Every structure is written in structure tokens, then in C-alpha cells.
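Colleague: Chain by chain, the residues run as shown.
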Amino acid sequence: MATTKMVFAGFGGQGILFAGKFMAYNGLIADRQVSWLPSYGPEMRGGTANCNVIVSDEPIGSPIVDKPDVLVAMNLPSLDKYEDTVVPGGKIFVDSTLIERKVRRTDVDVYYIPATRLASEKKLDTLANMIITGKLVKEVDGFSLDNVQEVLSHIVSARHQDLLGFNRDALELGYNYQ
Amino acid sequence: MSEKVLMKGNEAIAEAAIKAGCNFYFGYPITPQTEVAAYMAKRMPKIGGTFLQAESEIAAINMVIGVASTGKRVMTSSSSPGISLKSEGISYLAGCDLPALVVNVQRGGPGLGGIQPSQSDYFQATKGGGHGDYRNIVLAPSSVQEMAALTVKGFNLADKYRMVAMILADGTMGQMMEPVAIDDIEIETGEKPWALTGTECRRPRNIVNSLYLKPDVLEQKNFERFEKYKQIEENEALYESYMMDDADICIVSFGITARIAKNAIATARAKGIKAGLIRPITLWPFPKKPLLEAADKCRAFISVELSMGQLVEDVELATRCKKPVYLCNRTGGMIPSPDEVVAAIEKADKEAK
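Line order of the protein sequences matches chains A and B.
Just so you know, we're using our numbering here: the first sequence kicks off at 3 and counts up by one.
Just so you know, we're using our numbering here: the second sequence kicks off at 7 and counts up by one.
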């Protein structure tokens, strides 16, 4: 039985909570158990933001992720804070445009994606979060982009449905990034 | 069954309240429960209900008293410091025998405290809070689905017994999203012949009041109320029993910490320690019976809680101190890791013979 525990972390405004929500709905639509727990309070007004997401085939106990299988780090403070918490054999996804240093751990799989630069080049500004999430979907077992349209329709608010296509493009860009 | 959607716990409370027939919400914003008010602000105008952001928590609870006395379903919500402000009004609701739902999405205290999750309003919720001899029915959800289900249950119990039902949640419960299906709502309101609805010259007038200057009359009122409380203690206690069949060590915990305890129990069992959990779903009435029964089978109890040791006192009382009761706790907005709970289980297993 598979359980994937994820931490998404970065600056407020990078779409950290949104990326986590995408993964949670991805699990929900596949009929799996999910939980999504955000940091809340001052973080929402700028500063650091993070969220804990669990997708599992079993009922979920604590929604708090203290030892993630997957870390998405979109700024240096987040990598500094969470690098050591990832389980051995886990996966770390790094926005290499914003984080210059390499991951120090040698017992995890690391993926460097210049998500912020790609977003800027492809006119997908503010969608670095979904580019890096696309790569996550590709590399982590149990997830796919098969129902991407349906998942996005749940999390993109009604008045922003025109942005749905850009989100999908960003996810696919990350998914196919080598 | 309706489709499951992801909802924040706070939103699930608001939506369930509306489905339960609550058309009146009065509140004042405070982290981490503001989504309840935000959701109500959006939805109430669409269903012809009333959302009102009061000038203060005290004003909001007094508006609740007003609507409750007309027999309509009404609620307010806040977080710890705001509940302290509402406590006078909650006592008046009790004194007037009025049904209402009060939601407390707890944060660290005392004082203004912090905004991170806490369970340190346990005493306030279960032992009084306001002045005088009274009780609230206190419900402690442990998932977003339960945030919805216990909101409906709270309204039903409040109406049935003409008293305040309180949802005692915490910041994580309010903020987290989980799949939730809000359907199969059973609304049980019953007749409310006491309500202030206008006599239309057809019946004697009703009076809603908590002032009784003759001590013998007030004493009689309190006796009657406690007869009702006795019935509730006998009939309404709810709990979840988890892996208790062969348990040597019994954890007692509610809300978010009960979920952490479940992770710890899996780890402890993998290490060969038979641990289980009794999770009170009603904190008042407290599920004393299953705890007393467990005291004959288990070697030790551990109260896992987000306070300096409040729930632990009820565990000691319920088990009549037949077995040692340990405390595993964090406070101020900190949350124990499953490993900390496992360590507490191992300690209890080693020490308690």
C-alpha cells in the first residue's frame, strides 16, 4: 500500500499552496485518501509559505508531514529548512533558478529544474510552481497527468478559468523537462 | 452519496451549518477560524439568511441570544481569546435554556497567545468558562468530515436539550483540507413551544430570562437543569475505540493529537508494544464508561494533548486512578511528533507493570 508524504515550500505568492492543492486533487480524483495542511497566519501575507500533502491508499493518520518522501523547494530558506527532514531514498525537487546551491544529501534523488527561468521564457510567468509540479508528477509513483483538465477545473477558481490552459501548459512543460 | 470535494475544516463547518438549517451567523474575524465567517458572508445572502460581522465578539454572542430566543437555528464562531469574550453570553444562553452552536477553533494561549493550534481551552469548554452552574455539550472533531458531521449533530443536540453545543476544534482542523461529503443531513429540531414567535393573541406570552431573584426558585431551576445534564451524561457520550481489543497501553486523545496517536500506535505495535486509543468525540459528556472498563484491562494510560495537562485530569477521574496516567503534551502552538508519542508509549510500557 502506497503512501506519499509531500512538503511544498517557498515564498508567499509563488503558488506553493496551489501546487499542493493540485497534488491533493490529483489523489482525490484517483479515489485515494488525501490531506492538505497549509501554514497559515503571517505567512499568507508574504514571507515563507509551505504546505503538507499526503496521498495514500490507506486512511491517513496525522496530516502533519515531519519526514517527507518528497520535498519541493522553491527558495533557499526552504531547502535549508527541510533538506535534512526528507527520508533516505526520498526525492527533492529544486527550483534551480532561485536556489544556487546543490543539495548536500547523497541518499536522496535530486531534480534541478530551472522553473522560474522556464516560466519566464515561455511566457508562463507566475507558473514556476506548476512547472516543478509537472516534473514531480513524472518522477513520483502513483501520479499522472491523465485527468489534468478535471483536476485543474476543481482548483482554478471560476473567475480564472481562462488561466486553466496556461496551468496545463506549465505542467506539461515540467513533465517533459529532461 | 454526493461527490466528495476537498474543503477546509472551517468551510466544512459553515456549509454543514447551512445544510442543517442555520440561517443566522454572527461573528467577528480571528485567526485561525476566519474562513467560517468568510464562507458565511458569501453563502448566507444567496440563501436568504443573515450574515453579520458584529462590532465585537460580545456583540455577536448577544445577537445569537436574540435569534436563539425565537427558536431559529443560529451560530457563532471564534478562536480562543474571542471565546473568552463570548463566555458571558454563553452563560446567559445556559441560564435562559437556549439552543445555539458555538465553534471554537483553538489557538495557543493564555492572553492573546499565538495563532498556532492548541487544545488549551479544554477546561474552559468542559468545565464552564462563563459563570454559574451549567454545562455545554462539547464535540471534538478529528477530521474535516467530522467537522461537518458534528456541526449537524451539535445543532440537533442543542435543540433537543435546549442548551449550547460547542465544537472544540483547533487550528489544524480548521485549516486543513480533506475530502468531505455533506449529505444525508438529518435535521432534528422538534417543537419549540417556548420560542418568542409572537402570541398572535392565541396563547400566553413566553418569557426568555435568566434572572431569578428568589434563591429557592433559582435553586429549583438549577436542579432541573442538572437532571437534564444527567440524562445527557447517560445517553449522549460518544467515542472511538481504536485497536483496544488487546491493548496494554491506552492512549486518550482527541482532535488532531488523536491522529498523531494513531501513527504512533502503528509504530509501537511494529515494535511489539500493544497500544490502543480511546478518542473522546464528546468531551462533555466525557466517555467515562469505556475508560473505566479499559482500566481493568490496560496497564497504563497516556493523555496526549496540546495543553499543560487538562484532559489528563478527566482521564484520572474516569479511570479512578486504578492505573498510572501519563501525560504526553506540547503547548503554545507546538505539536508532538509521532516519535514523541512513541517514546511516551515505550516509557509507559517499561514503567507500568
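Because the hints were derived from the structure by calculation, they are not lab data.
Treat the numbers as computed from the prediction; the structure is a model and nothing was measured.
Each hint should be verified, as a subset may be incorrect.
Here are the computed lysine to aspartate or glutamate pairs in the EDC-like style, where the Cα-Cα straight-line distance is at most 16 angstroms [stated by the list, open to error]:
| no. | chain 1 | residue 1 | chain 2 | residue 2 |
| --- | --- | --- | --- | --- |
| 1 | A | Lys69 | B | Asp345 |
| 2 | A | Lys69 | B | Glu246 |
| 3 | A | Lys124 | A | Glu174 |
| 4 | B | Lys10 | A | Glu174 |
Colleague: Hints broken by the structure, by number, lowest first?
Modeller: Structure breaks hints 2, 4.
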